[in-house]
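2 protein chains.
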Amino acid sequence: MSNETKLTYLALGGAGEIGMNMYLYGYGPVGEQRFILVDCGVTFPNMDTTPGVDLIMADPSFIAERADRLEGIFITHGHEDHVGALGFLLPRLQAPVFSRKFTGLIAGQKLERSGLDPAQINVMAPWPETVELGPFKVGFLPVSHSIPEASGLVIDTPGGRIVHTGDFKLDPDPLVGEPYDPALLDQIAEGGVKALVCDSTNIFSPHLGRSEAEIRPDIEALMREAKGMVVATTFASNIARLKTLAQAAHDNGRSVVVLGRAMSTMLQNGFSSGVLNDFPPIVDVRDAGDVPRQNLFVLATGSQGERRAASAQLAGNGYQGFSMKAGDTFLFSSKTIPGNEVSVARILNQLSELDVTVIDDDDGRYHVSGHANRPDLEEVHRRLKPANVIPMHGEHRHLRAHTALAADRGLHAVVAPNGAVVDLTGEEARVIDNVETGRVYLDGTVLIGALDGIVRERIRMAQRGHVVVSIMLESDGTPIGAPWVDVAGLPDPEGQETLSGALEARIGDALDLASGSVLDDDEALERVLVKTVQTEASGLIRKKPVVAVLINRFDD
Amino acid sequence: MSNETKLTYLALGGAGEIGMNMYLYGYGPVGEQRFILVDCGVTFPNMDTTPGVDLIMADPSFIAERADRLEGIFITHGHEDHVGALGFLLPRLQAPVFSRKFTGLIAGQKLERSGLDPAQINVMAPWPETVELGPFKVGFLPVSHSIPEASGLVIDTPGGRIVHTGDFKLDPDPLVGEPYDPALLDQIAEGGVKALVCDSTNIFSPHLGRSEAEIRPDIEALMREAKGMVVATTFASNIARLKTLAQAAHDNGRSVVVLGRAMSTMLQNGFSSGVLNDFPPIVDVRDAGDVPRQNLFVLATGSQGERRAASAQLAGNGYQGFSMKAGDTFLFSSKTIPGNEVSVARILNQLSELDVTVIDDDDGRYHVSGHANRPDLEEVHRRLKPANVIPMHGEHRHLRAHTALAADRGLHAVVAPNGAVVDLTGEEARVIDNVETGRVYLDGTVLIGALDGIVRERIRMAQRGHVVVSIMLESDGTPIGAPWVDVAGLPDPEGQETLSGALEARIGDALDLASGSVLDDDEALERVLVKTVQTEASGLIRKKPVVAVLINRFDD
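Chains as they are written, first to last, in the numbering used here: chain A, 1 to 556; chain B, 1 to 556.
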């Protein structure tokens, strides 16, 4: 790249995956570009690839190394995959943070938990308010989503206007927050949109998106007709849904109880930010025992089957004094995120064993998505008439399908996965460079690189088991006593002998056969011992364990 | 239980889960009952609960302990979840095995792989042929499913007739094998059915099941219209589907190549059993290079995203000289089994990166299920008019919903999960006992119990990492030298110090502080060292590792 002035887009996370959103816009002469960062999210670990890991976030190295040129960080909304990494990465980024009020409360709580000052979040009103930061002028564009005050960003630069949608849907009646306003989009489009950087999550959903208001009648009917206690779970941050559920319960003579810390916190954020009002009274858990069962409604965390959340506990031995009984109703007012099917099914089966009526979202009567479907995306393309469409927030197949949709309308569109630097300067956007991106894991309290090998070693132990070999040698290399072996996570071979005994015998043989030069050389000796253990274990039980070797030498 | 004569049903596997089918029927005086076993299947491991495990099967202990009273083992069809455990468990059961011809080939291959004689499978013709074994007279009832020669069982006993459906659907045009024959069901029902023990997998599918023949036109259109190479994946044993796919490809000028051992084996079984004929010619992989790309059709294993199967390899770096290119088409003529979504999505995204057109089964145009849907189950209830319905092959929620369906028609039905002994002697079936059931893991070459703790230890290492502590003591308990620590799968604390160094220092402190009685007692000392490591690691990095302690004592 020459050092001409460029307007660029670069996904550090979120393009090529759903989750872990982090997007970087640059403007200025190459090498001296100024930047703004949009979102700072996490994605969640799993046993397959990240056992023991607490959180996964985008590797911020590219922008952290250029932190002196980072003008600001904009958080579009309060979902974990957009704000969850802020507390961990902000120390490396050192830039002012901007968000709307409700989002700011959540972002502030993230900072507090990391020991940072929540007051450093700059709360902004929605468009037409803007903030100027270097070459950027940025405003928050209200959109609908499954959390209050979700926003797109209107990013004006000397190189043109970018509309970054954030997560969004087109909801004419979202119940909480601003309805979809086509006129506002038309107004934003005036003067031209250089690039639409657009949510792709629901590109494969062929039908028009449905409004949050559409499910209210079915929820009301459910609350009216259910006989025993009703429990409902959904994402804690879906304030509109919480309100619909609680109001319908309240209108049908049910007292509302809230179980799970995340949901209480989110409701409190709703109240204190002013987005939530007219919420029915919440009964303290300690007073709920006085309420007849058929007059109880419980809002519970854990719609994705999380083992420690309220829903899983309720389906098991109970939670805070509540337990499910035959005749109760349990409503999943939520969608199961791919990968969580088995966890959710576990709860469904436990509830079945308790003879609880389970209602899930198979037919969409009790849940609507927070993302724009294919026809909604077309509507946005049509209104904004962008010169370029850059799909984001999607796996590769989503980005590709979204690009094809744009191309069908004659719009220029680019698939730009994480690391692809897109030049928006000219007429047609194009990928001009690829930078290294990756993932950082929060592992306990330590941030580690995905490629550090630490988690890979844990996976290997989970699949292969672990063997410790300890031997003692005289200073001249003569073995002292018998080798000692400890095994973990490995079965004994069929028959009588233990695996550790068999390995000890074979290691003894190997030491007898080892040459003096091997016995004198710790590294060579370790290689021989690891190979001996793995070969013997493979032969005996067809496992090739992880081996730790301890060599103690005595110089007496 | 008194020792009166009883007819009983007991699921050892498959009731309360989908997979791992193993059902036991008993007849005779309690304590002297004679038994037949139906199916001997596996289920598949996952990283969450069974890392490193190769296969999971039902614990056969209950019947293995009574093997002298086991008259025979009947295999309904050749799917892994019905026959996959036969080679591993037959040595403990020592009973004759019965199946139809195609199933017998698969069962025999299982035995061969375990070093057993495949000739011991007794091949039977379908109903009206029966075999008498003690008090049981058993015949194979042809049903449709997604594998040839799937069969239910008609089990006649002095206590009445039981119909055990196996896995089935009602297909008037299954393309391979016998079409659904309502008259046959009516004939079976004559004289009364004591109990219908019935597949529950698709109880939540509200619409009439679809025939294998229905998808043929769409598959033909796809083969006609696709431009580049076409690859299709489905279950290897779905011979009818393989035939439809291959024939459609052949009819449109494509040469058929088969990739993946399982698929070649199954096709061979189809040919040699006689169920498969009129299959288009298969081109040897080595000759396929001469065929123009647009004239190639590849049948590939791995529809569930299995990493080592042909589909995953094709989506990656290629398989046996084949690789995907822009313009090719990849068809998933299959359903993704819950739990495999992420593996399948990985392939979809890799194919997207290669610009391959992917067609999956979102709209059911290229796949139909092999199981009876709710209205089909009602049809079977209606025709067989059983005195009792015992739902099987389902998670608890499936069994419960199936019971409710039967009850809606006025049929007596019982939820009987694994371990529930159902007495079918009287008019109304009822659970009279619960026996211990469980799971056995094939781990490498060893069969271990699910509760042995071996796999639990591997999971703990995956989540927490592993620390080895080695110390040396004089015979009087005086420590010699410094302790030695090896860590695996754990990060160093933020800052300079290594974790192993920090742990060594702390262990040194602990040894200094330890009393003589602790230093003299290996067990007490080990407890102190484990606690020291876990406390220190928790404080430094918030991880509580698995700890192995080696104490070397010198008696010089």
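Mixed in with the good hints there might be a few duds.
Said to hold, decoys possible - DMTMM-like, lysine to aspartate or glutamate: derived pairs with alpha carbons at most 25 Å apart:
#1 A/K385 - A/D363
#2 B/K385 - B/D363
#3 B/K544 - A/D48
#4 A/K335 - B/D290
#5 B/K325 - B/D290
#6 A/K325 - B/E523
#7 A/K531 - B/D433
#8 A/K227 - B/D48
What the hints contain is simulated information worked out from the structure, not anything from laboratory work.
Here's how the hints hold up against the structure:
Distance restraint check for A/K385 and A/D363: the Cα-Cα separation of roughly 34 Å exceeds the 25 Å cut-off, and the hinted pair is therefore not satisfied. This hinted pair does not check out: B/K385 and B/D363 have alpha carbons roughly 35 Å apart, beyond 25 Å. With a C-alpha separation of about 20 Å, the suggested pairing of B/K544 with A/D48 holds against the 25 Å cut-off. Under the criterion of a C-alpha separation no larger than 25 Å, the hint pairing A/K335 with B/D290 is inconsistent with the structure, at around 48 Å.
Proposed proximity of B/K325 and B/D290 is supported: the alpha carbons are some 17 Å apart, at most 25 Å. Using a Cα cut-off of 25 Å, the hinted pair A/K325 and B/E523 is violated, with the two alpha carbons roughly 46 Å apart. Distance check on the hinted pair: A/K531 and B/D433 sit about 51 Å apart at the alpha-carbon level, beyond 25 Å; violated. Distance restraint check for A/K227 and B/D48: the Cα-Cα separation of roughly 37 Å exceeds the 25 Å cut-off, and the hinted pair is therefore not satisfied.
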